[in-house]
Amino acid sequence: MTTFNIQQRQISKPVKSARPHGSEVRISAAIPYRIWYERGKLLTQQGCYEAAIASFDTALSLQANEHRLWIYRGIALAYLECYEAALASFNQAVELVPNNRAAWIFRGATLTYLKRPHEASNSYRIALTLPQPGNASS
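Counting from 276, one number per residue, gives the positions in the sequence shown under my numbering.
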């Protein structure tokens, strides 16, 4: 069973329910973008890269500053060998969160496919200076 850890970042309009008069249920605005994000991840895992990109683009229209969306979008684009577009997505991810190691690694790999070894090496070098996720010392 899959569970989602959804943080409420913004409260949208109230939803009417069969609750006592005066009480309201509020729906987090973060929910719609998370649905599109999770859908895109599943589609990427299934090899449906064009559909995954469309899902990530929809999620980005709702939450453009979420770096994970840019990373997964870049991965799907790389699978389609759209390396310039993938690089643009990874660049956006590292601009939003400069200390994201995975974004720098994927950026380096993409630059390698683009036959830009010096830039790739620089991305890998930056990634090596960043702490690994889950590392107790980070």
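What the hints contain is simulated information worked out from the structure, not anything from laboratory work. Everything numeric in this text was worked out from a predicted model, so none of it was measured. Just so you know, even glycine gets a beta-carbon here, dropped at the ideal spot from N, CA and C. There may be inaccurate statements among the hints.
[To be verified] Ranges between beta-carbon positions, derived for each pair:
(1) L389 / G322: 30 to 36 Å
(2) I310 / T404: 31 to 37 Å
(3) A326 / I306: 19 to 25 Å
(4) Q407 / E325: 17 to 23 Å
(5) E313 / Y399: 27 to 33 Å
Here's how the hints hold up against the structure:
1. L389 / G322: 30 to 36 Å: 23 Å, violated
2. I310 / T404: 31 to 37 Å: 35 Å, holds
3. A326 / I306: 19 to 25 Å: Holds: the Cβ-Cβ distance is about 20 Å, inside 19 to 25 Å.
4. Q407 / E325: 17 to 23 Å: With a Cβ separation near 32 Å, Q407 and E325 fall outside 17 to 23 Å, so the hint is violated.
5. E313 / Y399: 27 to 33 Å: 29 Å, holds
The structure shown violates the earlier hints numbered 1, 4.
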